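Student: Spelled out, the chains give:
Number of protein chains: 4
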Amino acid sequence: MEKKDLLKDVVKHVDMTSFDATPIINAMRSMSFSSRDTANAADIFMMMMKEKECLNVLVLAGSTSAGGCMKIYSDMIKYKMVDVIVSTGASIVDMDFFEGMGFKHFIGRQDIDDNDLREMYIDRIYDTFISEEDLQKCDTAIKEIADGMKHGCYSSREFIREMGKYLQKNGKKPESLVQLAYEYDVPIFCPAFSDSSAGFGLVKHQWENPKSHVSIDSVKDFRELTMIKMFCKESGLFMVGGGVPKNFVQDTVVCAEVLGVDVPMHKYAVQITVADVRDGACSSSTLKEASSWGKVNTTHEQMVYAEATTIVPLIASYIYHGKAWEKREYKRLTQIFEKYTQEQIIEKAKAQQ
Amino acid sequence: MEKKDLLKDVVKHVDMTSFDATPIINAMRSMSFSSRDTANAADIFMMMMKEKECLNVLVLAGSTSAGGCMKIYSDMIKYKMVDVIVSTGASIVDMDFFEGMGFKHFIGRQDIDDNDLREMYIDRIYDTFISEEDLQKCDTAIKEIADGMKHGCYSSREFIREMGKYLQKNGKKPESLVQLAYEYDVPIFCPAFSDSSAGFGLVKHQWENPKSHVSIDSVKDFRELTMIKMFCKESGLFMVGGGVPKNFVQDTVVCAEVLGVDVPMHKYAVQITVADVRDGACSSSTLKEASSWGKVNTTHEQMVYAEATTIVPLIASYIYHGKAWEKREYKRLTQIFEKYTQEQIIEKAKAQQ
Amino acid sequence: MEKKDLLKDVVKHVDMTSFDATPIINAMRSMSFSSRDTANAADIFMMMMKEKECLNVLVLAGSTSAGGCMKIYSDMIKYKMVDVIVSTGASIVDMDFFEGMGFKHFIGRQDIDDNDLREMYIDRIYDTFISEEDLQKCDTAIKEIADGMKHGCYSSREFIREMGKYLQKNGKKPESLVQLAYEYDVPIFCPAFSDSSAGFGLVKHQWENPKSHVSIDSVKDFRELTMIKMFCKESGLFMVGGGVPKNFVQDTVVCAEVLGVDVPMHKYAVQITVADVRDGACSSSTLKEASSWGKVNTTHEQMVYAEATTIVPLIASYIYHGKAWEKREYKRLTQIFEKYTQEQIIEKAKAQQ
Amino acid sequence: MEKKDLLKDVVKHVDMTSFDATPIINAMRSMSFSSRDTANAADIFMMMMKEKECLNVLVLAGSTSAGGCMKIYSDMIKYKMVDVIVSTGASIVDMDFFEGMGFKHFIGRQDIDDNDLREMYIDRIYDTFISEEDLQKCDTAIKEIADGMKHGCYSSREFIREMGKYLQKNGKKPESLVQLAYEYDVPIFCPAFSDSSAGFGLVKHQWENPKSHVSIDSVKDFRELTMIKMFCKESGLFMVGGGVPKNFVQDTVVCAEVLGVDVPMHKYAVQITVADVRDGACSSSTLKEASSWGKVNTTHEQMVYAEATTIVPLIASYIYHGKAWEKREYKRLTQIFEKYTQEQIIEKAKAQQ
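Protein chains in written order, with the numbering used here: chain Z, 1 to 353; chain W, 354 to 706; chain E, 707 to 1059; chain X, 1060 to 1412.
Keep in mind the hints are simulated off the structure, nothing from the lab. Just to be clear, a hint being listed does not mean it is correct.
[To be verified] Once the Cα atoms are required to be at most 30 Å apart in a straight line, the calculated BS3-like pairs of lysine-lysine come out as:
no.: 1; chain 1: X; residue 1: K1270; chain 2: Z; residue 2: K350
no.: 2; chain 1: W; residue 1: K356; chain 2: Z; residue 2: K288
no.: 3; chain 1: Z; residue 1: K12; chain 2: Z; residue 2: K104
no.: 4; chain 1: W; residue 1: K361; chain 2: Z; residue 2: K50
no.: 5; chain 1: X; residue 1: K1270; chain 2: Z; residue 2: K348
no.: 6; chain 1: X; residue 1: K1224; chain 2: Z; residue 2: K211
no.: 7; chain 1: X; residue 1: K1137; chain 2: X; residue 2: K1386
no.: 8; chain 1: W; residue 1: K641; chain 2: Z; residue 2: K8
no.: 9; chain 1: Z; residue 1: K233; chain 2: Z; residue 2: K52
no.: 10; chain 1: E; residue 1: K994; chain 2: X; residue 2: K1224
no.: 11; chain 1: W; residue 1: K361; chain 2: Z; residue 2: K4
no.: 12; chain 1: W; residue 1: K564; chain 2: E; residue 2: K1054
no.: 13; chain 1: X; residue 1: K1196; chain 2: Z; residue 2: K233
no.: 14; chain 1: W; residue 1: K641; chain 2: E; residue 2: K718
no.: 15; chain 1: X; residue 1: K1063; chain 2: E; residue 2: K994
no.: 16; chain 1: X; residue 1: K1292; chain 2: Z; residue 2: K137
no.: 17; chain 1: W; residue 1: K503; chain 2: E; residue 2: K856
no.: 18; chain 1: E; residue 1: K1045; chain 2: W; residue 2: K564
no.: 19; chain 1: X; residue 1: K1209; chain 2: Z; residue 2: K150
no.: 20; chain 1: X; residue 1: K1137; chain 2: X; residue 2: K1163
no.: 21; chain 1: W; residue 1: K564; chain 2: Z; residue 2: K50
no.: 22; chain 1: W; residue 1: K641; chain 2: Z; residue 2: K12
no.: 23; chain 1: Z; residue 1: K4; chain 2: X; residue 2: K1347
no.: 24; chain 1: E; residue 1: K994; chain 2: W; residue 2: K365
no.: 25; chain 1: W; residue 1: K641; chain 2: Z; residue 2: K3
[What the hints assert, rightly or not] Reference listing, derived: stretches of chain W covered by chain E, where coverage requires no fewer than 3 residues with Cβ under 8 Å from a Cβ of chain E:
no.: 26; region: 475-481
no.: 27; region: 562-574
no.: 28; region: 603-616
Just so you know, these numbers come straight off a predicted model, no measurement behind them. Glycine included, C-beta positions come from ideal geometry on N, C-alpha and C.
The whole structure should be built from the sequences, with the hints applied where relevant.
Tutor: Shown next as structure tokens:
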């Protein structure tokens, strides 16, 4: 079997605007188990839409962007459903930026000899394939971006913004998440940014510039995300998967407190995951548990136990067709870092207390 | 809190004809992970529809009937999608017959003190409630049915047929699965029949009639189901959950062989489950594993890893709107036990070899 | 690859007497997550040992007998740890009786083409193999046993007792569970008995004797198990896996009530399983949920989330070395069906109320 | 209920030297399912011990340090079993450094109202409690450490080294992982370092020093870890949980390649996790899948499906009592960053190719 035979059928990203899941979600509301949980999650996300001032955070972990949900997430920016994104590096760099560069994910299989794939330079994500050679072009682009930047310490948000600018110029796909986020001033944070294809390009950049170079400071990420939370006050989380991004965004409530500002816990929280609650890890920890830490309010929280590609399209389509987003405005939160000093933000937050 | 406050909101069973999931399933076909698996499962079920002669078996374990999928299963009979049913006792007696008698499942919660529920005679199924008193009326009806039957050994299928007749006369809900199966001559098998509310009524019947009484012979179940497999030759399985019903129906291939008839393995097999493959149990064993036992053909098989109430409505709606079922006919397999001797069936099967 | 190369390394059943897990269990008591749950489960099982009059029920589902725990279960009979067994048919017939006949389970692999296995007549249980030809000899032995019995309706317990007698005469392995249970008068119930290799032999027996034959009446099983519960009053459950056996034994409390006898709920309950609680099925339903049904007392109950072969040997070794079993006596409960009428048992039970 | 009643029973960390799990592991080798996987994982870890030159990496995600395995991990340093650690921030800061400061984890419960806990400043990790006030003292210590450092960009490894130095002076518990790692020159990397209690202290430090401050550069982490991989050539991974640390260390193979050095894939890999493989995420992705990416060799890899607190103590005790570690030497890899330039390391690596 040859590489071109295995990289033939492209993963097509589901379009939430192309079908209306409203009757399904409505039916699920009067059912049981995960279907009722799904409807409840959709209802909570809808409340977030209707509360115009609420900071809506999209939290991404796992590979659903590769697996056909990529357009949902970029459409969420376009339709003002989310105001900030916290993600693993892979979702942003290896998947979204990757497709923004014109590369594709392919329909693969899980029952294949991985040694054979390696020899063909095919990388496998469960039942999905990409070309390792395409991915290396991503690494190179990242290095190129870093090489062009003023040396110093950046948050991942600042670097990803440069990636958006790069795609606007060099991209091959009009509406990648990274590019749209750049254009709509939506901040994207990857608290473990170098744990992705970006890591390779950045290490190479530093290797070649050992004395002075671009660094990614994850403390700055945390600081900026906490400033956003302070700035907006109320917030809601729509979480696909868990891991570092889930914990990171939840912690902003505590971080604000550490900085002397009393912000409310996250008012809304939805998580879709198959992680098992019984191992004590963060990915699987319940949203009620997060409440003991003072992070999430228990009134409007829902975990949905499902592999997310089956559920996210339904909820997203329901929200889209519900049209509550039409009354929302672009928050353009990236601009607060240009417009306000940290002191001004803290003052505003204290005034809102 | 009082009982009537907890038993207020009724579980409404989703109607697969009321919305069209075709665009969603079509989109899932080009995605990854469980969504692609869902589309593939739908495609296999569609092949079963198009192969008019194929014996379509609905296999039920778990509580999806209680959880809002009950109407889907009875509609599958009505629309000629399934020709025989193999199920746990609970799905047939505690859930379907129960609602056939006019009782209801209620929207409950999982985070409630079960000792309080017990004192109020409320039974909990994860997040769903029923009244224990209603369930006891089921037990009584079962005993009444048994009391009215000629003493002797019956298969569960024969007994469930009497339950259908009983509902036709005394039922309060027009289209229960048990009643429709009776009317359309669809055999229902519960290989562990007394492991359900039926067990209580039947034990009481036997207790009062210790010398001579109605017995449920699970060997007869196995014999009859194997005869059906022999009679129809090709077969496909649509399995919701696993457990005893899954293994039972798969074993008919081997059983036919033991009786000297070479029948083909199940040609199509779909299973929707959250059971974890790694514990070596049957519920979770892959359909490929079943192939090593000579039970299931590996060409058209798909396991979908999902809590079934989120997936079954999508697949069912897709199949309904696909209309391939319109060309199928009611197989009325119950009648073969009246029309043919066991020798005639075996002869027919040998002729088909 | 040839069959003999794949069936070479035998699964050896772990001997709980050969190592002492006491220090590990003691350490786990002060840890967290599943390790603490394991220690708590061991403590509950120990309470069951110390309460000499308590009816200790071993509940088996899944394939741990095949997977190396077979000797633990037969030793539990020998060392008076359990007084009655409720099991899937597979654990009793395909696994234990199978090895009692002199056959073996073999160390296999899960990553192998199941079509190849089928051609070699090798059956796969996840990573474990058996020879299909050996299993067929089991079917034949079952048929032989049935052929030699007086025609009529039997409980699975009565039939399994005949299997024990058969092994005493024809067996090749001294201490199979089935044989020991026969010798120590420990009743074994398989509520879905024909869903196992026994089904094949019994169907063939009935096929050859269509007018009059041996039948397995699962209602009788339920009646007998309820009589045992009534006879002993207090009870504790040690459950490996879930499924039909779990529900069946739990239901005896309700069944006794239906027969007019007020018996206490199961006082102790331990379950080791990987089933996920979120699908609403019985295998995964919590023991607290069972309490809402009036089946299990919530004071001493523990679910352990683990693949059982990793945990059962630790708990069993802890119990064995704890020696509380030394003060227990063989309850020889099989004999109550010979010594007492159903009326006498009910009278005794009412007197104990 | 008062706080002091809930924080009474301390989690005691299991001591792998205090019991010998060798007979259990030996028995598991001839069993099936997860027990055989456990034995195989132990065997692979033993190979890592015997290969003296092999870089042994301990990878930590999840909360097993909090849950009673903390001493195992620090003993692994002491007994030369591991040469480098890659971890989530929580395991290092919130758990290990926290106890190093003299604070404790407590035996809690999962079925408690989290709102009540929050009011008492008790944080819950599934069934385990800590005092929020103690944790805040950790944040303060971190800030103090940062305040005392020369401003600039550090890897998490460099910062954690300062934490070790701090504990040597101010710690209350002799053998914390962080302190032992400092004393034995074992590098610890947290690729998402600010996603932990450390984040709070560091944000506060930066907030107070907005112009010039300590930053944590995750690119530097990746660069340093890749240098270690290059320096040692062969490597093996012992992974508890998955998430960012798992992916991060696996990527070093690819990163070396990007820097022009051909290093071998990780030769040994063990992962203990309950993550479900079917969601396409990294935590759950099989080690075979990692092989398609050119990261892990498939010859000696084993995933064990278990909640790690039940399995890690068995494997660790087996390794300890096997004594192969006695022949190993402390690699003191921290020193390579002082002794060698990056050019020298790359030269050495190329010479080893």
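Student: Now, for every hint given, state plainly whether the structure supports it.
Tutor: Structure-based check of each hint:
| no. | hint | in the structure |
| --- | --- | --- |
| 1 | X:K1270 <-> Z:K350 | holds (23 Å) |
| 2 | W:K356 <-> Z:K288 | holds (26 Å) |
| 3 | Z:K12 <-> Z:K104 | holds (9 Å) |
| 4 | W:K361 <-> Z:K50 | holds (28 Å) |
| 5 | X:K1270 <-> Z:K348 | holds (21 Å) |
| 6 | X:K1224 <-> Z:K211 | holds (26 Å) |
| 7 | X:K1137 <-> X:K1386 | holds (13 Å) |
| 8 | W:K641 <-> Z:K8 | holds (26 Å) |
| 9 | Z:K233 <-> Z:K52 | holds (12 Å) |
| 10 | E:K994 <-> X:K1224 | violated (49 Å) |
| 11 | W:K361 <-> Z:K4 | violated (59 Å) |
| 12 | W:K564 <-> E:K1054 | holds (21 Å) |
| 13 | X:K1196 <-> Z:K233 | holds (26 Å) |
| 14 | W:K641 <-> E:K718 | holds (26 Å) |
| 15 | X:K1063 <-> E:K994 | holds (28 Å) |
| 16 | X:K1292 <-> Z:K137 | holds (26 Å) |
| 17 | W:K503 <-> E:K856 | holds (22 Å) |
| 18 | E:K1045 <-> W:K564 | holds (17 Å) |
| 19 | X:K1209 <-> Z:K150 | holds (22 Å) |
| 20 | X:K1137 <-> X:K1163 | holds (22 Å) |
| 21 | W:K564 <-> Z:K50 | violated (69 Å) |
| 22 | W:K641 <-> Z:K12 | holds (28 Å) |
| 23 | Z:K4 <-> X:K1347 | holds (22 Å) |
| 24 | E:K994 <-> W:K365 | holds (26 Å) |
| 25 | W:K641 <-> Z:K3 | holds (26 Å) |
| 26 | 475-481 | holds (count 7) |
| 27 | 562-574 | holds (count 9) |
| 28 | 603-616 | holds (count 5) |
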